[in-house]
Amino acid sequence: MRVSTFVLGLFAIGQAAFVVLLLVTLIIARTFRAWHRARTRRETEELLRAAHRWLLRKDGGQGFLDAVDAADFEVVMETLQRLNSQVAGDRLEFLLSDLRDTAWFSRVRTRATSRLWWRRLAAANAFVIVAMPEDLRVLETLITDPNRMVRLATVAVLKRLQSPRLVERTLKLAEASRSVARRYPLEVLATAPGFDLRIIAERLATPRDPKELRILLDLVGELGVPSFLDYVLAHADSPDLEVRIAVARTLGQFPHPSSNATLLSLIEDPDWQVRAQAAAGIGAIGDCGTAAALDRMLRDPSWWVRLRSALALRRLGDVGLRVLRDVRADEDRYAHEMAQYVLRLDDAAVAEYSGPSVVDFTEVAMAPQAA
Amino acid sequence: MEPLTRIVGAGDELIIVYFIILNSFYALLILLSIPELWNHWKITHSDNITRYISSEALPPISVLVPAYNMEAGIVDSVRAQLALQYPLHEVIVVNDGSRDVTLACLHEAFDLYEVPPAIPQRIDTAPVHAYYRSRRAPTLLLIDKDNGGKADALNAAINAARYPLVVAVDADTIMMPDALIRLARTFVIDSQIVAAGGTIRVANGCEIKRARLTRPGLSKRFLAAVQVPEYLRAFLFGRLGWNRLGGNLIVSGAFGLFQRKYLLRIGGYSTGNVVEDLDLVVRLHKLMQERGKDYRVTFIPDPLAWTEVPSDLRTLGRQRERWHRGLVRTMLSHWRMLFNPRYGRIGLITIPFFFFGEMLAPVVEVIGYLLTAAGLWTGALDVHFALLFLAVALGYQMMLSIWAVILEEATFRVYERPRDFARLLLYAFLEPFGYRQLTVLWRLRGFFNALRGLTHWGEMRRHGFSSPGDARDQTSDSGRSAAA
Chain A
1 MRVSTFVLGL FAIGQAAFVV LLLVTLIIAR TFRAWHRART RRETEELLRA
51 AHRWLLRKDG GQGFLDAVDA ADFEVVMETL QRLNSQVAGD RLEFLLSDLR
101 DTAWFSRVRT RATSRLWWRR LAAANAFVIV AMPEDLRVLE TLITDPNRMV
151 RLATVAVLKR LQSPRLVERT LKLAEASRSV ARRYPLEVLA TAPGFDLRII
201 AERLATPRDP KELRILLDLV GELGVPSFLD YVLAHADSPD LEVRIAVART
251 LGQFPHPSSN ATLLSLIEDP DWQVRAQAAA GIGAIGDCGT AAALDRMLRD
301 PSWWVRLRSA LALRRLGDVG LRVLRDVRAD EDRYAHEMAQ YVLRLDDAAV
351 AEYSGPSVVD FTEVAMAPQA A
Chain B
1 MEPLTRIVGA GDELIIVYFI ILNSFYALLI LLSIPELWNH WKITHSDNIT
51 RYISSEALPP ISVLVPAYNM EAGIVDSVRA QLALQYPLHE VIVVNDGSRD
101 VTLACLHEAF DLYEVPPAIP QRIDTAPVHA YYRSRRAPTL LLIDKDNGGK
151 ADALNAAINA ARYPLVVAVD ADTIMMPDAL IRLARTFVID SQIVAAGGTI
201 RVANGCEIKR ARLTRPGLSK RFLAAVQVPE YLRAFLFGRL GWNRLGGNLI
251 VSGAFGLFQR KYLLRIGGYS TGNVVEDLDL VVRLHKLMQE RGKDYRVTFI
301 PDPLAWTEVP SDLRTLGRQR ERWHRGLVRT MLSHWRMLFN PRYGRIGLIT
351 IPFFFFGEML APVVEVIGYL LTAAGLWTGA LDVHFALLFL AVALGYQMML
401 SIWAVILEEA TFRVYERPRD FARLLLYAFL EPFGYRQLTV LWRLRGFFNA
451 LRGLTHWGEM RRHGFSSPGD ARDQTSDSGR SAAA
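Chains as they are written, first to last, in this note's numbering: chain A, 1 to 371; chain B, 1 to 484.
Honestly, the hints are just simulated from the structure, not real lab data. For glycine and all other residues, C-beta sits at the position ideal for the given N, C-alpha and C. You may find that some hints are simply not true.
DSBU-like cross-link-like pairs, simulated, lysine-lysine; straight-line CA separation at most 30 Å [what the hints assert, rightly or not]:
hint : chain 1 : residue 1 : chain 2 : residue 2
1    : A       : LYS211    : B       : LYS286
2    : B       : LYS209    : B       : LYS220
3    : A       : LYS159    : A       : LYS211
4    : B       : LYS145    : B       : LYS261
5    : B       : LYS261    : B       : LYS293
6    : B       : LYS293    : A       : LYS211
7    : A       : LYS172    : B       : LYS261
8    : A       : LYS172    : A       : LYS211
9    : B       : LYS286    : B       : LYS261
10   : A       : LYS159    : A       : LYS172
11   : B       : LYS42     : A       : LYS159
12   : B       : LYS293    : A       : LYS172
13   : B       : LYS42     : B       : LYS293
14   : A       : LYS172    : B       : LYS42
15   : A       : LYS211    : B       : LYS261
Now the stretches of chain B that chain A is said to cover, found in silico as 3 or more residues with beta-carbon under 8 Å [unchecked claim]:
hint : stretch
16   : 106-116
17   : 126-139
18   : 188-200
19   : 380-386
20   : 396-409
Kindly generate the complete structure, drawing on both the sequences and the hints.
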C-alpha cells in the first residue's frame, strides 16, 4: 500500500505540474495571439491601401508588390482572393504577372513541393489566382497529389488555364469519386473558359466503361454544346441502367426534335428510374406535342414517374394544365392524387421542384419504391 | 470482520484497475484528437470556402426540423434555416402534434397553402394530417401530423425529403450561416462519408437576435456555464479521437448530416428509443459493416450549431437521465455487436468502450464511493491513499476539461472576451466538485430506469431564444417538450 501511495502521490504531483504548465501555455498563447492579430491587421491594412492606390491608378503597382513582400503569406492570399473576386481584366493580369517576381511567389513555388499537405494546399489556392502556362508542370503534380483537398483546390485552376492534361486529370478525379462528391470537378470543367471540347468528343466516341460514359454524359449535359447531341443519342439504348438515366437527364438540356423523340422512347423503358428521368427531360424541353405521352405516364406504377410526369405537364402551360385537370379519380386514384398535388403547387414551387437534376435516380433506386 | 475487509479490499483494487484502464483510454483519445484537430484546423484555415459558396457543386440538402410546442421561436428558427448560406437546400418542418399555436404561427408567417398528400411513405409514421407549401418561401415544406415523438417526426421528414443529403436540426438549435457548407464540404472531400456531425455549443449566455447568434458568451448561471467545458470535452477531443479510431458512434441529433439513402435502408429513426441519434448511428454502422462497405461516420469540428442547455437542476437531471437510459437501451439492444469481429473496430473497440466505459461508468463510480467509505470504515483502505486517489481522480477530470479548453483556445477561439475565458477555466476547475457527482447520480437513475423498461422523454423546460434583446438567461418559458 505504501508503494501505491507513493506512486499515486507522484502521479498527483505530476498532474498538478501539468495543469500549471497548461495554464502557463494558455496565457502565453493568448498574448502571442494578440500580438499576431495586431500584426496581421496592420499588414492587411497596408496591403489594402496599396491595392487601393493601384486601383485608383495612383501608382503602377510597385507599392502593392512591396507590401506583398513585406506581408505574411496568408494575409497576401486573403487580399489576392478579395482582389481577384472584385477586379478583372488586363490590368489585374499585369499585376499578377509582376507578382511572380516577388518573394511571396517564391514561397508559393516552395510550398507546392512541400512534404506538408496544408502547404501544398496553400500553394494550389495561390495558383488558382496567379497561375500562368509556365506553371503547368507543377499543377500537373498538384492535381495528382495524394491529398484530395489539394487535388480539388488545383482543379479550380482550370477556370484560369487551359490544359488537356489538367482536363484529363480532372475527369479521372470525377471518376474516382462517388456521386455525391463528383459534382464539384464536373462543375469546374463545365464552367472552365476555352476548354478544349475535342477531349470530351474523343472519349465519348470510345468510352472505356459505363462509369466513364456516365460521367462524360453528365458533363455534356452541363456543357450543353449542341455538337455533342449525336454522341448522347448514340447511347440511348445502352444496356447499362445508369447510362440510360444519364442519357435521359442530359437530353433534357438539348431542346431538339431528336432529343424529344428519344425521350419519348425512353418513357417506355422497363426501369422506372429511366422513365422518371425521361419525363423530367420532356418537361425541361417543354414541347406541347408530348402531352398525350405524359398523360399516359401519369398512370405509371412508380410514384417518381407520376410526379415527374405531372410536373412536366405543369411546365407545358395550358395544354398540360388541361390534361392534369381531366384526370379522374375513378379511372386511376394515384394519377388523380398526383395531378391534384401538382395542380395545387404554385409556380415557384413547380420551378423549385423541377429545378436542376436534383434527384439522383441511381440513389433513389436503392430505396424501396412506393406506389 | 476479516472476510469483509478482504472483499472490500478486492473491490477497491478492481475499481482502481477500472479507473486506470478507462482513463488510459481517455488519454489515448486525447492523443488521437490532436492530429485530427490539427488536420481540420488546417482545412478550415487553408481551404477557400467561397469556392463552394459560389458553386452549384455541393450536393443539395434537405433540412429536417421537428417542432413540438415551439410557438415562441419557430418562425425565427425557420427563417434562419431558410437563410442559411447554401447553394441548394429545402427546409422541411414537421409540426409533431403541437398543442399550442405553432401551426398557426407558421401559416401566418409563410403564407402556407395545403397540397394533397402525394408523398411516398417509405417509413411508417404517425398519421399525417396535411402537407403545406409556402407562397413566400418555395423551398419550405410543412408537414402537420399526430404527435409521435421526435424520431417519428424526423421519419416523416425523411419520407418527404427530396435531396441526397439530409440534416436533422432541432428547432431550438441555431446553426451558424456557413454551417451547412462546412458540413457538406466533407462529403466533397471524402466520398466514403455516410454521416457527419458538427459541433454543438452552449447557447445560454450568448447574444441571439432573431434566431441568429450575434455574439458568443458564457451564461451567468453556474449550471448552464459549467456545461460548456463538458461540451467542449465531448466534442473537441472525444469525437475527434473516435474519428481516428475509425468508429464515431454519435452524430448529434441536433445537428448531423446523413446520406438519405442509407437512412431509408435502415428504416429511419427508431421510435422506441429516447436517444434516437445514437441508436441510428449504431444501426448505420451495423448496416455498412454487414454489407462490407467502405464508409466513414465522421465528426467535423468547424461547423457550429448552438443549443440551449438546461439551466435548472430538474430539467438537467431529466435530460441526463434520459441520455443514459437511451445509451443503456441502445447498448443492450445491440449487444450482439459487442466484441464481434464481424463489425470491425466498431464491434471490437467502440461498442465495448461505450458498454463498459460509458454505460457502466456511473454504476462503477457509485460502487467506488461506497467501497471507499466501507474500506475506510473496515480499515481495508488507508486514509491517505483514499484521499490521494480521490485527488488524482478529480484532478484527472479537471485536466481533461482544461485540455479541452486549450484545444478550443488553440483553434476556434469562440470565447474571445478575457472575462469569458477566465470563467471558462474556472468552471473547468469547479466541474469535478459536486456537479460531476450529480451527473453520476442522474446517470445511475437512467441506468436503472432503462432496466425497468421506461421509455418516456420527460418534460424539458427551456427558456427559449425568441424575445427581443436576448441575453438568454431569462425565465420566460417556451416550454418545448417532446412526449413520445
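Structure-based check of all given hints:
Proximity of LYS211(A) to LYS286(B) is assessed by CA-CA distance (about 28 Å); at most 30 Å being required, the pair is judged to hold. Restraint check for LYS209(B) and LYS220(B): the C-alpha separation of about 18 Å stays at or below 30 Å, so the hint holds. Using a Cα cut-off of 30 Å, the hinted pair LYS159(A) and LYS211(A) holds, with the two alpha carbons roughly 25 Å apart. Simply put, LYS145(B) and LYS261(B) have alpha-carbon atoms about 23 Å apart, close enough for the 30 Å limit, and the pair holds.
With a C-alpha separation of about 14 Å, the suggested pair LYS261(B) and LYS293(B) falls inside the 30 Å cut-off, and the hint holds. Proximity of LYS293(B) to LYS211(A) is assessed by CA-CA distance (about 19 Å); at most 30 Å being required, the pair is judged to hold. Taking the CA atoms of LYS172(A) and LYS261(B), the gap is about 25 Å. The hint holds against a cut of 30 Å. For a cut-off of 30 Å, the pair hint linking LYS172(A) to LYS211(A) stands: about 11 Å separates their Cα positions.
Proximity of LYS286(B) to LYS261(B) is assessed by CA-CA distance (about 15 Å); at most 30 Å being required, the pair is judged to hold. The straight-line distance between the Cα atoms of LYS159(A) and LYS172(A) is roughly 17 Å, inside the 30 Å bound, and the hint therefore holds. With a CA separation close to 24 Å, the supplied pair LYS42(B) and LYS159(A) stays within the 30 Å bound. At roughly 22 Å between alpha-carbon atoms, LYS293(B) and LYS172(A) fall within 30 Å of each other, so this suggested pair holds.
Under the criterion of a C-alpha separation no larger than 30 Å, the hint pairing LYS42(B) with LYS293(B) is consistent with the structure, at around 29 Å. For the suggested pair LYS172(A) and LYS42(B), the alpha carbons sit about 26 Å apart, so the restraint of at most 30 Å is met. For the suggested pair LYS211(A) and LYS261(B), the alpha carbons sit about 20 Å apart, so the restraint of at most 30 Å is met. Only residues whose beta carbon comes within less than 8 Å of a beta carbon in chain A count, and the stretch 106-116 of chain B has 4; three or more means the coverage holds.
Under a criterion of three residues with beta carbons nearer than 8 Å to beta carbons of chain A, the stated coverage of the stretch 126-139 of chain B is upheld, 4 such residues being counted. Counting residues of the stretch 188-200 of chain B whose CB falls under 8 Å from any CB of chain A gives 5; the rule of at least 3 is met. Coverage of a stretch by a chain is defined here by at least three residues with a beta carbon nearer than 8 Å to that chain's beta carbons; for the stretch 380-386 of chain B and chain A the count is 3, and the condition holds. Judged by the Cβ-Cβ criterion of 8 Å, the stretch 396-409 of chain B is covered by chain A as claimed, because 8 of its residues qualify and three suffice.
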